[in-house]
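Enquirer: Single-letter residue listing:
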Amino acid sequence: MDPKQKALLEHFQARIDAEEKIEPKDWMPDEYRKTLIRQISQHAHSEIVGMLPEGNWIGRAPSLRRKVALLAKVQDEAGHGLYLYGAAETLGADREDLIDELHQGKAKYSSIFNYPTLSWADIGAIGWLVDGAAIMNQVMLTRTSYGPYARAMVRICKEESFHQRQGYEILLALCRGTEAQKNMAQDALNRWWWPSLMMFGPSDKDSSHTEQSMKWKIKRKTNDELRQQFVDVTVPQADFLGITVPDPGLKWNEETGHYDFGEINWDEFWQVVKGNGPCNEQRMKARIKAHEEGAWVREAAMAYAEKRRKRKEREEAVRVA
Amino acid sequence: MTQQQAHFEYLLRLGDNALILGHRLSEWCGHGPVLEQDIAMTNISLDQVGQARSILAHAGAVEGKGRNEDNLAYLRDVWAYRNVLLVEQPNEDFAFTMVRQFLFDAFNFYLHEELKSSKDDQLRAIAEKSLKEIAYHLRFSSEWVIRLGDGTEESHRKMQHALNSLWTYTGELTTPDEVDKRMQEAGIGADLGRIQSLYDEKVAAILQEATLEQPPVKYMQSGGKNGKMHTEYLGYILAEMQFVQRAYPGMEW
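Chains S and P supply the protein sequences, listed in that same order. Letter by letter, the first sequence follows residues 1 to 321 in the numbering used here. Letter by letter, the second sequence follows residues 1001 to 1253 in the numbering used here.
Since the hints were made in silico from the structure, they are not lab data. Accuracy of the hints is not assured; some may be wrong.
Said to hold, decoys possible - Mimicking DSBU-like on lysine-lysine, the simulated pairs with C-alpha atoms at most 35 Å apart in a straight line are: (1) P:Lys1181 with P:Lys1119; (2) P:Lys1218 with S:Lys307; (3) S:Lys289 with P:Lys1132; (4) S:Lys310 with S:Lys34; (5) S:Lys307 with P:Lys1132; (6) P:Lys1119 with S:Lys158.
Construct the complete structure from the given sequences, taking the supplied hints into account.
Expert: Have a look at this one:
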């Protein structure tokens, strides 16, 4: 490494170590930039693809109050997608390119959204578990080293914790309702529990990105630490609802002060990551369809803007003359 | 029909228009042509379902049979719905959706301008609040009609096609029937005659700017607001919307 490059790197690491935020115009290693673009765009794509499983129940929400709340929630996810694409653009990425990468299968999004929403209780379970797991990760990211990402996260976290309470409240209404409703809630927990634990990613020993990301303080806790934190917080909430976490290996460990839990089905995890989850194909199909069918709208909007600009110029020319 | 029944019917029309169009727009959520428009359409949908809640709750109170907003939304069948035919038409594509929205918003805007002076205090209060939202909806849909009408050849063709298809549902908006007349006389409802001329003027102006041609009047369909004959689409909207309430009757959600 040439001495100048080395000095830059050392200075950069010193700023990170001193908890300074890195801003868009600051020097940063290419690898830092790439890692962030990858992570932020994955996060943005997850927000957008995540609109699909929940949007699936807007038309069937069981009361008008729930319908409005769900609409607002899914709209929030779209807003999060917008801020995050914006944050990625501060690193020199282009939103259109990032979306193309998603559609071509080159960019990933959170695997959790490749699971289906089959009942109204799933909307509660997503809010409670999926948003709950996301919050664990995102609270950590409010302290991430890249300034625009950290600031986007502060705003997103506030909304996500509202969503989580809303989801829990949906399940609480079901669990305080009839037998049929409680069964619906239990079925949702049975299906969403393990995929929610998988949201934290591979076990630390198998995680390829963790070490460097920790050093650069992009990540500040490991996958396994976050997962444990999630289990510890969530199990008592399930107890309060009166439904059972589908893990025979789950038990409180006095010694560690944490819950022990069973082994995640890593084969399923990798299969879903590779595209073989229950809804991978449908999710991508829906996103590509929306994008392709919207192409004429985007073109027309640009053509119209161009026409207007020219008309204005002509008017201006006439006025000046 | 008693005065109370006419009042109830009138409110159902307002509430059902908002609910059904809000439902239709919500079908776009997550599938919009651009993220920003996805958000904007969901906003309008949120406003409309919100308006539907206030109006239907009020309708239930006027009816006096103990029905709340959800009873009215989830437990009536097609023939008891009172929305105009225009709002139940399918989304088809973004052109249909924007033309439908504009043709309705222009009417809805002048309607709510009138309802701001309704003698029904509750309706007046709701109309005042809704009018701000509806003014934004009208601005949004007018802008898109202009942008797409005067955009590319393709967008122009799609918009003209949508306009030609939907035009037949516009007559019902401003043609008064007995319920409209009685509510106007009572000072509760709007004067549709006045709205008609404002509506025609607004629509003509926007279509002109959009370089779109106003379709010739062939025949105007009706049967939505009096519930005599909806289109086949409404049944499917209700089948979806009411599924949970019908499958699990009498439960709290």
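Enquirer: Taking the numbered hints from earlier one at a time, note which ones the structure violates and give those numbers from smallest to largest.
Expert: 4 and 6
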